[in-house]
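We have chain E; now place chain W onto it with these hints.
Taken in sequence, the protein lines are chains E and W. If you're matching positions, the first sequence starts at 1 in the UniProt record's numbering and goes up one per residue. If you're matching positions, the second sequence starts at 1 in the UniProt record's numbering and goes up one per residue.
Hints are computed from structural coordinates only; laboratory data are not their basis. Mixed in with the good hints there might be a few duds.
Here are some, though not all, of the chain E residues that point toward chain W, as calculated from beta-carbon distances under 10 Å [stated by the list, open to error]: (1) A117; (2) S118; (3) T162; (4) Q163; (5) E165; (6) W173.
Going by beta-carbon spacing under 8 Å, a handful of chain W positions derived as facing chain E [what the hints assert, rightly or not]: (7) S110; (8) N111; (9) V112; (10) I114; (11) P115; (12) E132; (13) Y135; (14) I136; (15) P213; (16) W237; (17) D238; (18) N244; (19) R245; (20) P246.
Even for Gly, the Cβ is constructed at its ideal location relative to N, Cα and C.
Each chain, letter by letter, is given below.
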Amino acid sequence: MDSAGEVVVNDGKITHEGFTVAARAFSDKWKRHNLSLPPWSWVPLINRTLLKKEEGYLSLEKIIILTSLEESAEEESLDVTAGWSEKEEADDDHTVLVVQNVEDEAHYYDYHIVYSASYMVPMLYFRGYSSDGKPLSLDVIKRDLPSSSVSLLLESKWTFITQEEHPYLNRPWFKLHPCGTEEWIKLLSESSSLNDCRMPIELYLVSWFSVVGQVVGLKIPHEMLI
Amino acid sequence: MAANEEEAVKYVWEGAIPLQIHLHKSEVASHPAPPPALVLAPRIGYLPLLVPLIKPYFKDSLPPGEDSIWFDYKGFPLKWYIPTGVLFDLICAEPERPWNLTIHFRGYPSNVLIPCEGEDSVKWNFVNSLKEAAYIINGNCKNVMNMSQSDQEDLWTSVMNGDLESYTRLLPKLKMGNIEDEFSRKANLSSPQSRQGGTETDVAGQVKTARIPVRLYVRSVNKDFENLEDVPEIDTWDEISYLNRPVEFLREEGKCFTLRDAIESLLPEYSGDRAQTSGEEEADGSQETRGEVKLVRIQGIEVRLEIPFSWVVNNLMNPEF
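Only chain E is shown next, with the shape it has when bound in the complex (with noise of 0.2 Å):
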């Protein structure tokens, strides 16, 4: 049961080799449904050969959102000469990020899908920094989070943010904590199987993220849930 094409545990948790599995099908799907943003990358651990097996986690790295504009309910395109373009249509809600060539409005945001051997679930490592480089903080990156993911923080239980060294590149980075994690894995995936309560493996990050990448505004198109 322990080959690559094994099913989620049922307790929502997954293993280190189903996590490199999982993230080549997200990042796979990603790059297929999502052609807005950027694709993700896996950045194998290559200096620390671990367990034999490949190791490493995804990165997302410099995407752009401008502060002023990130409230607006509004879908707009604008053309990005330099860098890259990020728009994203959202049909229900408008989670949407916007970019402009304004380089001193600019916020860039890097965020990293790390593996955590303890809880065994995936965890979203992220931290923005302004245009000259330096760090932002909580209170400024809050405000760039669409509105409805703060309260989402403030009030539910299992999406805490906290300061932490990123745990391979020794760097303070902010972490969506885990606790939790492998319960609403599990609601999700009781209610997408059709024969029993499992969830085959491609599909776990997309699951997690489409909950998780809310959080930190970034959507995933439906077309990915499939």
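For chain W alone, kept in the frame of chain E given last:
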């Protein structure tokens, strides 16, 4: 039997490192410069907790402003949430006594170190580590969450003060699972010696496998060296690999799961013959050369790899498991 165990644990808790703390010269605002402070730091403690002892030596020399305290060793900033003993074992290949550290009251390197607000930060870190260990051992953090606030406080205070008696008294309230096997010398009345077929009566309800929280710090050195004195000094934390992952403790009948087995499960590419380990459950300092584990230190002791891992765990682990 029991007396031996208690002795080992007591030894661990009493372990301390003599520190000689120098005020960073850029912060010396008095003339003459203050002499270094000499402090005996408990191994299982943390550097920020020593500040109340150190500050009086230097407070008259400080430039005006607010304190943001951090330590470095020869320019290498020290991560405050790592127990002092582990830092020492890891960074000083050849133990330096007293250990010369520099304290800063200004200019916190917040691009490298996560912020520290004194005792509260250290306590928060301790409780979090405890929860993580509980999750690994028991499958959930309920035992920590269910502990009353005052019990948690008392537990933390006992660690902060190095009070093993109080800690031992409070431990049952924590209800952490236990690690047993027939090679461990610990006599335990509640769970029978493991023999094939029997289910273990530990809290997690696992049958033959237990998960032990381990934090391993690995320092790889490229050159070969004969003496520890020849090991080059560390410049950045990037030279150190940090593994925070549980060891799956396989209880096989008749076979003893040794420390070597544990290390090899974490670092499968280093299956050398020579290794010495001294143990702490939650933190090891380990140094390696090329493909060979040269030395494993836990609690400052270089422990032999043949020792049953469960003994190492039960006797040398840190208070936060």
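Worksheet item: Does E132 (chain W) pass the interface check with chain E, least Cβ-Cβ distance below 8 Å?
Response: holds (5 Å)
Discussion item. Just to be careful: measuring from the Cβ of I114 (chain W) to every Cβ in chain E, is the smallest value less than 8 Å?
Written reply: holds (4 Å)
Worksheet entry | chain E contact restraint for V112 (chain W) - C-beta distance below 8 Å | Hint on V112 (chain W): holds, closest Cβ of chain E at ~7 Å, below 8 Å.
Discussion item. Under 8 Å is the threshold here; is the Cβ of I136 (chain W) close enough to any Cβ of chain E for the hint to stand?
Written reply: holds (5 Å)
Worksheet item: Against chain W, with CB atoms and a cut of 10 Å, does the hint on E165 (chain E) hold up?
Response: holds (5 Å)
Worksheet item: With 8 Å as the cut and Cβ atoms as the points, is D238 (chain W) at the interface with chain E?
Response: holds (6 Å)
Worksheet item: For the hint on P213 (chain W), does the least C-beta distance to chain E fall short of 8 Å?
Response: Because about 7 Å separates P213 (chain W) from the closest Cβ in chain E, which is inside the 8 Å limit, the hint holds.
Worksheet entry | Hint status (Cβ of P246 (chain W) to nearest Cβ of chain E, threshold 8 Å) | Cβ of P246 (chain W) sits 6 Å from chain E, so the hint holds.
Worksheet item: Against chain E, is W237 (chain W) within 8 Å by beta-carbon distance?
Response: holds (4 Å)
Item to complete: Go through the hint on W173 (chain E) and say holds or violated, using the shortest Cβ distance to chain W against 10 Å.
Response: holds (9 Å)
Practice prompt. Could you check if Y135 (chain W) really has its C-beta closer than 8 Å to a C-beta on chain E?
Written response: Result: holds, 6 Å to nearest chain E Cβ.
Item to complete: Double-check N111 (chain W) for me: the hint is only fine if its C-beta lies closer than 8 Å to a C-beta in chain E.
Response: holds (7 Å)
The structure shown violates none of the earlier numbered hints.
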